[in-house]
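Please construct the entire structure, taking both the sequences and the accompanying hints into account.
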Amino acid sequence: MSLVAATGALELGFAYALLAFGIYISFRILNIPDLTVDGSFVLGAAVSAVLTGSGHPVPGIAVAALAGCAAGCVTAIQQTKFGIPPILAGILTMTGLYSINLLVMSGKANVPMLGKTNVFSLLEKAADIRYSKLVILFFVVLLVFLFYNYFFKTQLGLSIRATGDNEAMVRASSIDTDMAKIIGFGLSNATVAVSGALVAQMQQSADINMGAGMIVIGLASLIIGDAILKNKTVFRGLLSVIIGSVVYRFLIALILTTSLPPSFLKLISALVVAVAISLPNLRVKTGFSRLRIREGE
Amino acid sequence: MLQLTNIYKTFNVGTPDERSVFGNFDFYVKKGDFVTLVGGNGSGKSTLFNLIAGVLLPDAGSIVLDGTDITTMLEHKRAQMVGRIFQDPLKGTAPNMTVEENLAIAYMRSTGRSFFSRVSKKDKTYLRERVAQLGMGLEDRMGAQVGLLSGGQRQAMTLSMATLVTPRLLLLDEHTAALDPVSAEKIMNLTRDIVAEQQITTIMITHNLSSAIETGNRIIMLDTGKIVVDIAGERRRRLTVKELLEIFQQASRKEFDSELALH
Chain A
37 MSLVAATGAL ELGFAYALLA FGIYISFRIL NIPDLTVDGS FVLGAAVSAV
87 LTGSGHPVPG IAVAALAGCA AGCVTAIQQT KFGIPPILAG ILTMTGLYSI
137 NLLVMSGKAN VPMLGKTNVF SLLEKAADIR YSKLVILFFV VLLVFLFYNY
187 FFKTQLGLSI RATGDNEAMV RASSIDTDMA KIIGFGLSNA TVAVSGALVA
237 QMQQSADINM GAGMIVIGLA SLIIGDAILK NKTVFRGLLS VIIGSVVYRF
287 LIALILTTSL PPSFLKLISA LVVAVAISLP NLRVKTGFSR LRIREGE
Chain B
70 MLQLTNIYKT FNVGTPDERS VFGNFDFYVK KGDFVTLVGG NGSGKSTLFN
120 LIAGVLLPDA GSIVLDGTDI TTMLEHKRAQ MVGRIFQDPL KGTAPNMTVE
170 ENLAIAYMRS TGRSFFSRVS KKDKTYLRER VAQLGMGLED RMGAQVGLLS
220 GGQRQAMTLS MATLVTPRLL LLDEHTAALD PVSAEKIMNL TRDIVAEQQI
270 TTIMITHNLS SAIETGNRII MLDTGKIVVD IAGERRRRLT VKELLEIFQQ
320 ASRKEFDSEL ALH
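Protein sequences appear in the order of chains A and B.
So the first sequence is numbered by the working numbering: it starts at 37 and just counts up by one.
So the second sequence is numbered by the working numbering: it starts at 70 and just counts up by one.
It is worth saying that the hints were derived from the structure and are not from the lab.
Check each hint, because a few of them may be wrong.
[Stated by the list, open to error] Quick list of in silico lysine-lysine cross-link-like pairs, DSSO-like style, CA-CA up to 27 Å:
{"id": "1", "chain 1": "B", "residue 1": "K191", "chain 2": "A", "residue 2": "K117"}
{"id": "2", "chain 1": "B", "residue 1": "K160", "chain 2": "A", "residue 2": "K268"}
{"id": "3", "chain 1": "B", "residue 1": "K146", "chain 2": "B", "residue 2": "K160"}
{"id": "4", "chain 1": "A", "residue 1": "K268", "chain 2": "A", "residue 2": "K189"}
{"id": "5", "chain 1": "B", "residue 1": "K295", "chain 2": "B", "residue 2": "K99"}
{"id": "6", "chain 1": "B", "residue 1": "K146", "chain 2": "A", "residue 2": "K117"}
{"id": "7", "chain 1": "A", "residue 1": "K266", "chain 2": "B", "residue 2": "K160"}
{"id": "8", "chain 1": "A", "residue 1": "K302", "chain 2": "A", "residue 2": "K144"}
{"id": "9", "chain 1": "B", "residue 1": "K191", "chain 2": "A", "residue 2": "K268"}
{"id": "10", "chain 1": "B", "residue 1": "K255", "chain 2": "B", "residue 2": "K100"}
{"id": "11", "chain 1": "B", "residue 1": "K160", "chain 2": "B", "residue 2": "K193"}
{"id": "12", "chain 1": "A", "residue 1": "K321", "chain 2": "A", "residue 2": "K266"}
{"id": "13", "chain 1": "B", "residue 1": "K146", "chain 2": "B", "residue 2": "K193"}
{"id": "14", "chain 1": "B", "residue 1": "K190", "chain 2": "A", "residue 2": "K268"}
{"id": "15", "chain 1": "B", "residue 1": "K160", "chain 2": "A", "residue 2": "K189"}
{"id": "16", "chain 1": "B", "residue 1": "K146", "chain 2": "B", "residue 2": "K100"}
{"id": "17", "chain 1": "A", "residue 1": "K266", "chain 2": "A", "residue 2": "K189"}
{"id": "18", "chain 1": "A", "residue 1": "K189", "chain 2": "B", "residue 2": "K191"}
{"id": "19", "chain 1": "A", "residue 1": "K302", "chain 2": "A", "residue 2": "K266"}
{"id": "20", "chain 1": "A", "residue 1": "K189", "chain 2": "B", "residue 2": "K146"}
{"id": "21", "chain 1": "A", "residue 1": "K144", "chain 2": "A", "residue 2": "K189"}
{"id": "22", "chain 1": "B", "residue 1": "K255", "chain 2": "B", "residue 2": "K160"}
{"id": "23", "chain 1": "B", "residue 1": "K190", "chain 2": "A", "residue 2": "K189"}
{"id": "24", "chain 1": "A", "residue 1": "K189", "chain 2": "B", "residue 2": "K193"}
{"id": "25", "chain 1": "A", "residue 1": "K268", "chain 2": "B", "residue 2": "K193"}
Just so you know, these numbers come straight off a predicted model, no measurement behind them.
Below you can see the structure in the form of structure tokens.
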């Protein structure tokens, strides 16, 4: 693998680590699959592209976070206050977001930002740094990592974690579990939207379809990270998510060096997740069948 | 202290499965009382607890705790005043969080800290001391995941969490029934000690007639939504298991006979 390809993989790994953080919060901490991310990722990208286009790249990322947070809250409110099953609630928000995203992008399926100042070129201009993308992305990931590592040990953070772990117990300790879920989903999708916002500025364009399959990519990172670093504590969990995201991007980069067409990437991602989740179950089943054979002998 | 007045509760209203559990039900518990509650399956014990804890709302009537009308108060708000421990030791603790984190949730919440406060060094020392009082060796395992503990240890933790800050009312729902005899005995002794020390008004559901007699100062038997036995004071002190069993059988036979007479 060339240095350029390796740098690119590392950059993407960091950018998508934020996406994986978001999915880690909904999927692992709150223990609820959230399909909103496919929409909130694009929402972040769209907001950031439009604001970058009008010369505000940094506010673009902040507003993207707020927009993503709102999208997450909508999904959580559907679940908690209106009793819509979690998966459906996510699909509904994701579907609705398609129209919202098009609205943000003024009805165009693609918003290019070629030649516009973005956060990366800002740093290049300010300080003559070669790897501006890598530096910015690294520090954003570090910041978000430190924030969550702190937050999930505060009273509110502990309440959110306990809500995913044992909801009945949390209600009995006088904590509003609905509120815990809404805040958790808000944070999760805000982080995902920031990921989309950074990716859009990196690629200098936002596309209405760039969110397809984001949940699978995020899950793949989680699972790879889990395999490398058993993640029982929040610190290790968040760290494993970053590692997983980077490793996933290197795997993709390796696959790209083969003759396989890039359009196969989504299929491969889906397979990675399916195999990784089914392996432990298959092991149990084959274990049982071996037992049965032994009994038959 | 706790006053239930004129409570009505019917399940599955308007369906063939309609079942009335409470009709015109009154119940009063004095401050500092430790009531043991016995009764067969379907007698309404759990429904009574669910009504007091706010899991269920009564169809009619009022529930007043310490002068506050809590009839329609939300479950998690009520939880600030009412502690509850279930039969299942898995229900009261979060398995993937550490002993310290579990205790911290109960502690910080009830001491009214800000949302963004974290457990301080002082809190940690305090929580360790409290856990040491349980005599379960948990003080050396503050960083261990609760899922790795035994049922007895988890139930002791739940007890500790429910009483870290003294609740106005403690509801114990057969909280030793799922434990082995040694652990059950230990938890029962802990319960008596903590309740006595903090003078908590307590209601305990139990199927174990001897612990119903050995614990508390008032015994109540519930049958099909009615209090059929209510013994306190001097008579309660002299009560034996044999006597209680006879009363238990008599009361349920009477109920049975009167039901037969109706048909």
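| Does the alpha-carbon distance linking K191(B) and K117(A) stay inside the 27 Å limit? | violated, 38 Å
| said: Tell me if the straight-line CA distance from K266(A) to K160(B) falls inside 27 Å. | reply: holds, 25 Å
| query | Do the alpha carbons of K146(B) and K160(B) lie within 27 Å of each other, as the hint requires? | reply | holds, 19 Å
| Under the criterion that the straight-line Cα-Cα distance not exceed 27 Å, is the pair K146(B), K100(B) satisfied? | holds, 21 Å
| message | Check whether the Cα positions of K160(B) and K268(A) lie no farther apart than 27 Å. | response | Roughly 20 Å separates the two Cα atoms, so the pair holds.
| message | Need the status of pair K190(B), K268(A): alpha-carbon distance at most 27 Å? | response | holds, 23 Å
| Straight-line Cα separation of K266(A) and K189(A) no greater than 27 Å? | holds, 19 Å
| field | Straight-line alpha-carbon gap K189(A) to K146(B), limit 27 Å | value | holds, 23 Å
| task | Assess, step by step, whether the Cα of K160(B) is no farther than 27 Å from the Cα of K193(B), and give holds or violated. | result | holds, 24 Å
| field | Pairwise hint evaluation, K99(B) against K295(B), where the allowed Cα distance is 27 Å at most | value | Roughly 19 Å between the alpha carbons, so the hint for K295(B) and K99(B) holds.
| task | Take the C-alpha atoms of K268(A) and K193(B), compute the straight-line distance between them, and say whether it is at most 27 Å. | result | holds, 21 Å
| Holds or violated: are the alpha carbons of K189(A) and K191(B) at most 27 Å from each other? | holds, 16 Å
In terms of the numbered hints stated before, the structure departs from hints 1 and 21, listed from lowest to highest.
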